Every structure is written in structure tokens, then in C-alpha cells.
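Protein chains in written order, with this note's numbering: chain E, 49 to 340; chain S, 49 to 340; chain X, 49 to 340; chain D, 49 to 340.
Mixed in with the good hints, there may be bad ones.
Pairs of lysine to aspartate or glutamate residues, derived as DMTMM-like cross-links and limited to a Cα-Cα distance of at most 20 Å, are as follows [stated by the list, open to error]: (1) E:Lys215 to E:Asp197; (2) E:Lys215 to E:Asp231; (3) S:Lys215 to D:Asp197; (4) X:Lys215 to E:Asp197; (5) E:Lys215 to X:Glu193; (6) D:Lys215 to S:Asp185; (7) S:Lys215 to D:Asp149; (8) E:Lys215 to E:Glu193; (9) X:Lys215 to E:Asp185; (10) D:Lys215 to S:Asp83; (11) D:Lys215 to S:Glu167; (12) E:Lys215 to X:Glu120; (13) D:Lys215 to D:Asp231; (14) S:Lys215 to S:Glu193; (15) D:Lys215 to D:Glu193; (16) X:Lys215 to X:Asp197; (17) D:Lys215 to D:Asp197; (18) S:Lys215 to S:Asp197; (19) X:Lys215 to X:Glu193; (20) X:Lys215 to X:Asp231; (21) E:Lys215 to X:Asp149; (22) S:Lys215 to S:Asp231; (23) X:Lys215 to E:Glu193; (24) S:Lys215 to D:Glu120.
These are computed hints drawn from the structure, not numbers from a lab. All values derive from a computational prediction rather than experimental measurement.
Each chain is listed here by its residues.
Protein chains: 4
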Amino acid sequence: MRAPGPAGEATAGLAPRMNTRLVMLIRLGYDIHFDVPSPVPIVALLSIHPSRRHDLRGPDGVAVDAGVETSEYVDAFGNICTRILAPAGLLRLSNVTTVLDSGDPDPVNPEAREVPVGELPHETLRYLLSSRFCEVDLLSAAAVELFGDAPRGWGRVQAICNWVHNKVTFSYPQARSTRTALDVFTERVGVCRDFQHLAVTFCRCLNIPARYATGYLGDIGVPPSPSPMDFSAWFEVYLEDRWWTFDARHNRPRIGRIVMARGRDAVDVALTTSFGPSTLTNFTVVTEEVLE
Amino acid sequence: MRAPGPAGEATAGLAPRMNTRLVMLIRLGYDIHFDVPSPVPIVALLSIHPSRRHDLRGPDGVAVDAGVETSEYVDAFGNICTRILAPAGLLRLSNVTTVLDSGDPDPVNPEAREVPVGELPHETLRYLLSSRFCEVDLLSAAAVELFGDAPRGWGRVQAICNWVHNKVTFSYPQARSTRTALDVFTERVGVCRDFQHLAVTFCRCLNIPARYATGYLGDIGVPPSPSPMDFSAWFEVYLEDRWWTFDARHNRPRIGRIVMARGRDAVDVALTTSFGPSTLTNFTVVTEEVLE
Amino acid sequence: MRAPGPAGEATAGLAPRMNTRLVMLIRLGYDIHFDVPSPVPIVALLSIHPSRRHDLRGPDGVAVDAGVETSEYVDAFGNICTRILAPAGLLRLSNVTTVLDSGDPDPVNPEAREVPVGELPHETLRYLLSSRFCEVDLLSAAAVELFGDAPRGWGRVQAICNWVHNKVTFSYPQARSTRTALDVFTERVGVCRDFQHLAVTFCRCLNIPARYATGYLGDIGVPPSPSPMDFSAWFEVYLEDRWWTFDARHNRPRIGRIVMARGRDAVDVALTTSFGPSTLTNFTVVTEEVLE
Amino acid sequence: MRAPGPAGEATAGLAPRMNTRLVMLIRLGYDIHFDVPSPVPIVALLSIHPSRRHDLRGPDGVAVDAGVETSEYVDAFGNICTRILAPAGLLRLSNVTTVLDSGDPDPVNPEAREVPVGELPHETLRYLLSSRFCEVDLLSAAAVELFGDAPRGWGRVQAICNWVHNKVTFSYPQARSTRTALDVFTERVGVCRDFQHLAVTFCRCLNIPARYATGYLGDIGVPPSPSPMDFSAWFEVYLEDRWWTFDARHNRPRIGRIVMARGRDAVDVALTTSFGPSTLTNFTVVTEEVLE
Numbered sequence: 049m050r051a052p053g054p055a056g057e058a059t060a061g062l063a064p065r066m067n068t069r070l071v072m073l074i075r076l077g078y079d080i081h082f083d084v085p086s087p088v089p090i091v092a093l094l095s096i097h098p099s100r101r102h103d104l105r106g107p108d109g110v111a112v113d114a115g116v117e118t119s120e121y122v123d124a125f126g127n128i129c130t131r132i133l134a135p136a137g138l139l140r141l142s143n144v145t146t147v148l149d150s151g152d153p154d155p156v157n158p159e160a161r162e163v164p165v166g167e168l169p170h171e172t173l174r175y176l177l178s179s180r181f182c183e184v185d186l187l188s189a190a191a192v193e194l195f196g197d198a199p200r201g202w203g204r205v206q207a208i209c210n211w212v213h214n215k216v217t218f219s220y221p222q223a224r225s226t227r228t229a230l231d232v233f234t235e236r237v238g239v240c241r242d243f244q245h246l247a248v249t250f251c252r253c254l255n256i257p258a259r260y261a262t263g264y265l266g267d268i269g270v271p272p273s274p275s276p277m278d279f280s281a282w283f284e285v286y287l288e289d290r291w292w293t294f295d296a297r298h299n300r301p302r303i304g305r306i307v308m309a310r311g312r313d314a315v316d317v318a319l320t321t322s323f324g325p326s327t328l329t330n331f332t333v334v335t336e337e338v339l340e
Numbered sequence: 049m050r051a052p053g054p055a056g057e058a059t060a061g062l063a064p065r066m067n068t069r070l071v072m073l074i075r076l077g078y079d080i081h082f083d084v085p086s087p088v089p090i091v092a093l094l095s096i097h098p099s100r101r102h103d104l105r106g107p108d109g110v111a112v113d114a115g116v117e118t119s120e121y122v123d124a125f126g127n128i129c130t131r132i133l134a135p136a137g138l139l140r141l142s143n144v145t146t147v148l149d150s151g152d153p154d155p156v157n158p159e160a161r162e163v164p165v166g167e168l169p170h171e172t173l174r175y176l177l178s179s180r181f182c183e184v185d186l187l188s189a190a191a192v193e194l195f196g197d198a199p200r201g202w203g204r205v206q207a208i209c210n211w212v213h214n215k216v217t218f219s220y221p222q223a224r225s226t227r228t229a230l231d232v233f234t235e236r237v238g239v240c241r242d243f244q245h246l247a248v249t250f251c252r253c254l255n256i257p258a259r260y261a262t263g264y265l266g267d268i269g270v271p272p273s274p275s276p277m278d279f280s281a282w283f284e285v286y287l288e289d290r291w292w293t294f295d296a297r298h299n300r301p302r303i304g305r306i307v308m309a310r311g312r313d314a315v316d317v318a319l320t321t322s323f324g325p326s327t328l329t330n331f332t333v334v335t336e337e338v339l340e
Numbered sequence: 049m050r051a052p053g054p055a056g057e058a059t060a061g062l063a064p065r066m067n068t069r070l071v072m073l074i075r076l077g078y079d080i081h082f083d084v085p086s087p088v089p090i091v092a093l094l095s096i097h098p099s100r101r102h103d104l105r106g107p108d109g110v111a112v113d114a115g116v117e118t119s120e121y122v123d124a125f126g127n128i129c130t131r132i133l134a135p136a137g138l139l140r141l142s143n144v145t146t147v148l149d150s151g152d153p154d155p156v157n158p159e160a161r162e163v164p165v166g167e168l169p170h171e172t173l174r175y176l177l178s179s180r181f182c183e184v185d186l187l188s189a190a191a192v193e194l195f196g197d198a199p200r201g202w203g204r205v206q207a208i209c210n211w212v213h214n215k216v217t218f219s220y221p222q223a224r225s226t227r228t229a230l231d232v233f234t235e236r237v238g239v240c241r242d243f244q245h246l247a248v249t250f251c252r253c254l255n256i257p258a259r260y261a262t263g264y265l266g267d268i269g270v271p272p273s274p275s276p277m278d279f280s281a282w283f284e285v286y287l288e289d290r291w292w293t294f295d296a297r298h299n300r301p302r303i304g305r306i307v308m309a310r311g312r313d314a315v316d317v318a319l320t321t322s323f324g325p326s327t328l329t330n331f332t333v334v335t336e337e338v339l340e
Numbered sequence: 049m050r051a052p053g054p055a056g057e058a059t060a061g062l063a064p065r066m067n068t069r070l071v072m073l074i075r076l077g078y079d080i081h082f083d084v085p086s087p088v089p090i091v092a093l094l095s096i097h098p099s100r101r102h103d104l105r106g107p108d109g110v111a112v113d114a115g116v117e118t119s120e121y122v123d124a125f126g127n128i129c130t131r132i133l134a135p136a137g138l139l140r141l142s143n144v145t146t147v148l149d150s151g152d153p154d155p156v157n158p159e160a161r162e163v164p165v166g167e168l169p170h171e172t173l174r175y176l177l178s179s180r181f182c183e184v185d186l187l188s189a190a191a192v193e194l195f196g197d198a199p200r201g202w203g204r205v206q207a208i209c210n211w212v213h214n215k216v217t218f219s220y221p222q223a224r225s226t227r228t229a230l231d232v233f234t235e236r237v238g239v240c241r242d243f244q245h246l247a248v249t250f251c252r253c254l255n256i257p258a259r260y261a262t263g264y265l266g267d268i269g270v271p272p273s274p275s276p277m278d279f280s281a282w283f284e285v286y287l288e289d290r291w292w293t294f295d296a297r298h299n300r301p302r303i304g305r306i307v308m309a310r311g312r313d314a315v316d317v318a319l320t321t322s323f324g325p326s327t328l329t330n331f332t333v334v335t336e337e338v339l340e
């Protein structure tokens, strides 16, 4: 872990550290086991996203036991997908690799302007639409009422994150795979993905392209976390001329996000989708700074 | 319109007419008006799909009044999308063109096998997932109970279409834009798109890739329809080695489907998506055989 | 109809006319026909509510054709229910009677205090709970956010009515029998009952007992209404020491409400509940002032 | 606990033991603690139902610490409700009493006929309607499809219980207070109340009056249960000329049910409803046979 001190403190502030770009190495990986009663196809989105492949300092890819068939493809969102034909028995998916990171917290740019829909790049438009967990049609009126007076652009997205962060209570035991943004709005409880789904939906309601992202997020520069390490979800919005990272759960810039996959919502980037019965029996994720 | 007779009768049967391939010319188009209170960006999916472009016998494209800015792009599903910056006032989108068609009804192949998920082409996999109007997660148990005993492959898809066709009542007045497949399952009422959403969802629940399609469908060889001409929705499933057309509303092979767009569900292929207020004031669709 | 003039104008204001109590006679009734394919039991809540029975100036009761069996009972909410064993064929339910009314608009009392839950009469407590169309559990967070700062008591209920009245658009064509308060909140469209369901739910969320009511409401003192006469829905809240009438659809005091039934929501006071197939073929409602 | 043996075995069978009526004494009670941040009104439905008061062999009533105000009333369903004005601090609700029971398992009568709606007693009719957790309107089509061919009467209710028991998986960790019958139908997971809500809804869809019940259910004559003792939920249906107990979770006759409250669904009979913040800190339930 990064030694506590200036870097750790910086993560809590909102000012980007433009001039003090550090470089850090992050070792990350996972070890996921399934009990598979009979052969089943599985699709995993567990590789580092191609946009970060140039930062890889080791091989990447989903390792399986000898004899298990796998193949890779890139989906319509640009994610690397691994197809696995899991035989009956124990299926083990694992990887450990090292990634170079700037060590900077998520960039913050309160000046980033909102782009009128008519000027948005073509490829951002699909992130304005409704998806399984993001009912833009059902939450538009509420979004306009809640955030219609917020300053357009960065400030509006930040207002959305503040709202979701303050109104929704984090609760692992109450996680459920069918919870949609509307459910989060009514139940006010959820895990990482639920926070992001609601924030993503509000952004789309206000014509700001927003996409859901999964990946690694170390608790670097942060006091020991009570929960075991897990993958994390955050989201990205298109402002000014690029995508920016936001995180309605933590709601402050963080160091060391390594993206695996992006999509409309959690459906598109499920860590694993099993097309038949399988039982998760182990789930270990590691992400830590390598001190050279 | 095609003269009634053998061809008309053939559409009601299930046997593809492999040896009697006719050729017909279809003239089709639309004239859609919006009242736009203040400038608004609109995305229209009204062009003939690229897969049918070789059949075009006239120019295609969304015509607008002089001075209205438009541009085209191809979305992640391969559809031609027209972006329009509608100025305040009357917006008129129109087109008339001619398309060559085989004149054959939708192919029927009761022998078409179901492809195990592990052997499906990569690009079909996204059509197994949940989407805004197709809650695969919520309807899987019901799908297995209803269709788990149907023969796999073509027969299972046909069983799904029969069920949806018989259980859901068509009702224009009860159309609503937020109705999902689960809503169709509980309410048992809907329009074209609702029939297809429920059938698509059931197929996906059973690991059969299914995608939603929109386009022209003339009432060719069919007695005069009481309702004014409209675009139509149907769906396609991947069996054996290709996509096949199904239509849970009409539930029989039809002549003269000209596809405009395909996607996960109606969200992806909305005829027009308006990113701000606009009121539909005219909607005319034409599709008819050109008798040379 | 009451002659236009001062009385008509008074209905738009908020001041109760305590000193000018007029007396008016209202003739009201209905003629409802069903086509019944095979014998079916029906329960109708079409009688004047017992709380207004002393105002009746004629006989009341659901008239049916000779030979049709009926019986009456009072339900757990105090409503008169008529059970009908409809034989196959045409079922006609009708009535015409005369009711004496004060001619005053709904009383308005901005000073009416909110009663702490601990001091509410026992029999009001059930009107704090969730019901089929009023999901108190799902809308509580939103209710507190929207109305938590409004003055307690009358002002808070009025704030709720103002909000619902302004945010929801009335639309007969978009009526649907399964729409809940949450659906109204997300769709922002509805008919009479939908307005009241959302307002009732918000009240309950804020610990104000609220019950749903149906009855006659003439367009007395109001310019000719474009839609045919119908029954109306409103709601009542318990403040200070009694129940008060509110109406989130019209959102102003009205003259000549004659209550038929009260309950938790529309489920409890459906005009007719048919326990088997039947088709509504005629629906006529009359309510008009008798000028002596 | 009752010694294992004939009585224990009998509970697994379906034959009522008409001739071997035993008498047993059951000691039961609870100790429930809340942490109350500021004074809050609470309504508790924790008393033995009046229909069992003649079986009480000790005093009943909700005991609270000295100085806490309480009062009792009977609600519209005939349940004893205790109103409590909880002061800030620890609130403790407790009771221990003794009840005489026949020792017989729930009566089983496969001959019990279904009563046509037209002949049902008035007071049973409200148990045919939709309620917050029982969406009769949304599940009617499915109910008819699933159970429309089952023999009418007892056999149909039993078919419903079998289906729910077999299709829904019990899971304490996945409990959630907002889950409706439709949610149970789609998610196929739940706790006691969820099983009963779905079964109740199916019964009502088929015009069989069904009401939800809560109370004590000892694991008498049953191998040690892994979960700590809790209250239980079951349901009752009206057949022939009376209400009969069914239990879609356990799905077999049980000994020693002592009913506390009945209603349309869990909303009406919540053990405690707190009209403001309070945190459950202890929950202990006891029910055991007293061996004299």
C-alpha cells in the first residue's frame, strides 16, 4: 500500500494534482471458483480493458485448468470477453498481473462543459438510452425536478453523485441481482452497482451520456476497509471532449482504478455470465501497490 | 397489391416455396411530422437496413426540408441512424423508395437446430442478455416451465410464438411506451412490439439468441386491414447457422418484410428518439407492390 | 345547473362560506349495462354512502331487471355493497334518486392541525398503511424529500395536492387499471383515480391518514365539461378532529360531492367487481341540480 | 417438546386424526427489543387472536417497562392491536403465556368443496381482492393457466401449495420487506411470508377467499430446526363452510399453530409497525410443549 501522507490526503480533495504525476505499479488479480454440476458455457469479462493494455507490465488473460477450452472476443462495447466451456467439477478462473498507473486520483474538472446532444460524438449516443437496470423513461421527471436547477456540465453530474451518495445506504446483505435504478430510488439501499445505476440513469435523463464500468479499485491511501477486497463498479460521463470517471458510492477521487469493462449497465459487463447452473464457491480479488 | 390466389394462400402455410421464387417490387415510404416548440436533436432509424441496400431500386435516406441539418452514422447494431437538428416549427421526415423483394414468405425450416451456447458465434451472444424491455432474469423460471418440454430448436421458438400469439390480445388503445415483457406477461394485452418483446425474452431465457426488428410489412396477399398502415415489429432468432424471422403477433409467414433496424429491443431501434419536447402531428406509412 | 355567478366564483376561492349555507337538491343516478356471456356474480358499490343517507330525498338502491337476484351488505369500511347474480344476457344496473346538499364547496381550514400518530383515533390507523395501489413503503423517501419542509397539517396536504395536480397530466386514453401510485409518480399521467392514489400515498408516507373515496361530483358552477359525465374519485385526510375532502385532480373546493364509498384505494371501492367475464356496454351517469 | 413417536409421524401424513384428539399445553412468548432514538408510536400485533382466547391458560398482553403508555384496540380484521408510545431509549416488548391446544395437526379434508362466489358469506369477499403484496390483477392469467385444470376445491388449493412449495426456494438472507407475490413468482426465492403471499394470490385469482395469518408454530414432532425460533406465517382459505389452514412453505399439516392475527397480507398483520425510526436489537420467540 502507498504510505499514508500527502498522496492519501490528496484523494479526499477535489483538486487534480496536475503537476505531481507519480507512477505506481499495481499488482492485481483474482481467484474465482465455481462448482459446476454439468458442463456449462460461461462468458467472463475479467480481462484488463484494451484501453489499459499498454499499461500492462505482465501477461493478462483468464487462466483455467489444463483441458478447459477457452476463447476470446471483443464485444460491441470494446471489452475483452472470455468464453469458457466449463466441464463438470471445479472451475477455477484466476489471474495475477501488474499494471502501471499514474498514481493520480481520478481527474476533476469543474469547468468541463456539457455537450449539447446535437454535438455529441455518434458513439456516445447509445449511452443516453434506457437499459435493463437504468429506466431513463421512468426516472426522467424526477431527474429534472431534482437536478434541473443544478449548473450544467460537471456541476450537474457532481450534484447527482452527491445526491445518490447521501440518499442511498450501502448494504452488502441487501444486495440483489434484479435491483434496477428505480428500485434503488424507492428502496434507498444497495451495493456499489446500485449507486452507479441510479447515477447513470439520472445523467441519461438529463441528456448526459453515462456508461457503467467495472474494474479494480484498491483501497490505496485509505484506512483499512472492513470488507474483503472485491471488484468495484463506477461510471463515466461524457463532458467537454472526453469521458470522465465518477463514483456515486465513494463520491471522491480515488487512486488506482484499473478498468476491465464498460457498458450500458451491469448486464453488459457481468464478471461472469453462466448459461446454466453453477455455484460460486470462492471469490478472491487482490489489488495492491508494488513497492519497488 | 399482389393479386389474391396461390401466393396469398401460401403465406398461411408453413412450407417455404423454395422453387417458385418470384420477384416483386415494393414501393415504400413514410411522411412523419413533428411540431417542435424549440430546437431539438432527434435521432431517426428510418432507413432501409444495410443488409437490404442491394435490393434498393431508388435512393434511400431521410428527407427533410431545406436548411435542416442532418448527418448519418451506423450504430453498434449495424443500423443507419439519421441525426437531425430540428429547428422550431414543423419538422417533416419523409421518404419514398422502391425495393426489390423475393416475394417469398418468411422462410420456414422446422429442422433448424438450436445451437448450444458454447458454439454460438460471438456476435450472437449479446442477444441472450436482458435489456430494458426484455427481463430475462425475471421470466426465466416461467419460460422453462412453459417451454422446457417443447422440442429444441425451431419447434421451441414456434411454441413460444404460438403461446404469445394466443395469450396476448392486440389492442392499439392500450399501447404504452413503458410496457416491458413482464408487463405483457401479466397484462396479456399489447401492440406489435409487446408481442415481440415477450417472445424475444422467452427465447433468451432458453438460451436462444433473439433480436428485435422493425421495418415495413405490407398487407400483401392479405384481406384489407382495418387499421391504417404502420411500421411493423418482428423478431429474429439464431438457429442452425443463421437468423430466422419470427412474428409472435401475426404468427404466420408473411411476404414483403423490409427490415430497417435491429437491436436488443425497442429502445435500440426507436423510429425516432427526440432529446427534448416534440409532438407527433402526422404519421403516414406506405408499402405496396408495384405492378409493372 | 346552478346559475353562474357568485356561487360559481366562490368555488374557486379557498374561503369556506360559513355564513351563507344554501340548500340545494341534486338529482343523480346511473345506467350501466353489461353483456354477460354466462352467469356471473358481481359486487357493486353504487349506493349512496350511509353517511349521506339522511340527505336522501328519494329511495336508493341498485335497480336490476325482474328476476335478477340481489342482496346487500355493509363492508368493513362501512360501504353498502350490492351482490348480484347476473344471468347470461344483458345486465342493467340503474338508479335515480335525489339528495339534499348544503350547496357549500368542500370546507377549507388552513388551521387544521396534523394529529400525532400516537393520538390518532384507532379507526384511522389502517389508512396509514400500504395498499395495492398505494405503495407507502416505496414512496416514503421521496415524500419526505418533497414535502418534509412543508408546514405540517393542512398546508402539507395542500402542498401534496398542488404537486400532484401540477406534475400529473390528465389523460383518459392512457387510463389503465393496474397503474399504482408509483406508476403515477414515474409516468406522470393518469385519470382521476391516479391523481388521488399518488396524493393518498404521499399523505400516508408522512403519517397523515388518507382514504380514497368515490361518488358523484357535478360540474356545478363550472363551465361545461368536454367529457361525458362520470363518477369521480377524491380522497379524505384526517386532520384536527375529522376527515376533510381533498381532490388532487381538480385541486379546488367543489360543490355537490355525494360520496358512495370509501376505502384504502380503488380496490376497495370498485364500482363493480365481476367474478368472471362481462363486458361493459353502456355507462351513463347523471348528476344535476334540481331547480325547484 | 412432544416426544417423537406416533404423533410426530402423524404430522407428515395427510389424514386428520379425528378420533385421537389429544390435549397439549404450549408455553409461548417473545422478547423483542428496539433501540428508539426519539419517542415513536408503535403498533404491535403480538397478542393471541381472540378466536383462541378461550384456550389461554395464563394472562396475555404485550408487557412493557413501567411508565410506557399502551392501549389496545381491535382492528377491522378482528385482531388485537397494541398501541405503544415508545419513549427514547430501549423499548422492550415481551410476553409469556400458556395455551391449550388439541395437539392435532392442521385438519385435512380433501372433500371440502369450493363455494361459488355467489354463495360465499359476505365477510369472505374482501379476501378475493388485490392487496399490497398480492396482485390478483397481475397474476390471474398465470393462475388460470397453472391451476385451471386442477380439481376445484381442496385439490386446487393443495395444487397451489405444492407448486409454490416446489418452485420457491427458502432463503433468509434474501428476505426483503417490499417483495410482492409477483416478485416471488419471478424471483422464486423468499421467506415464509413470500410463500404464503404467492399462494394467497393464486387462490384469490381463482375466486377462492384466502387470508394471511401470523402466529406461533412450534417445531413440535419435527427434527431440530437449524434456524432460531421465529414467528411463522401461513394462510387460510374458505372452502365448504369454514376457513382451513394451509402453509405453502412447509406444505404439510403441523401441530401447534396458535394464531395471532389475520389480514389481507403482511401489511395488515405486521408484528410491529413503527411510525418513525427504531432499530430492532433483540428478537426472541419461544414456543414449546409443557410436559405436565
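Structure-based check of all given hints:
no. : hint                 : verdict
1   : E:Lys215 to E:Asp197 : holds (19 Å)
2   : E:Lys215 to E:Asp231 : holds (13 Å)
3   : S:Lys215 to D:Asp197 : holds (17 Å)
4   : X:Lys215 to E:Asp197 : holds (17 Å)
5   : E:Lys215 to X:Glu193 : holds (10 Å)
6   : D:Lys215 to S:Asp185 : holds (16 Å)
7   : S:Lys215 to D:Asp149 : violated (48 Å)
8   : E:Lys215 to E:Glu193 : holds (16 Å)
9   : X:Lys215 to E:Asp185 : holds (16 Å)
10  : D:Lys215 to S:Asp83  : violated (52 Å)
11  : D:Lys215 to S:Glu167 : violated (31 Å)
12  : E:Lys215 to X:Glu120 : violated (50 Å)
13  : D:Lys215 to D:Asp231 : holds (13 Å)
14  : S:Lys215 to S:Glu193 : holds (16 Å)
15  : D:Lys215 to D:Glu193 : holds (16 Å)
16  : X:Lys215 to X:Asp197 : holds (19 Å)
17  : D:Lys215 to D:Asp197 : holds (19 Å)
18  : S:Lys215 to S:Asp197 : holds (19 Å)
19  : X:Lys215 to X:Glu193 : holds (16 Å)
20  : X:Lys215 to X:Asp231 : holds (13 Å)
21  : E:Lys215 to X:Asp149 : violated (48 Å)
22  : S:Lys215 to S:Asp231 : holds (13 Å)
23  : X:Lys215 to E:Glu193 : holds (10 Å)
24  : S:Lys215 to D:Glu120 : violated (50 Å)
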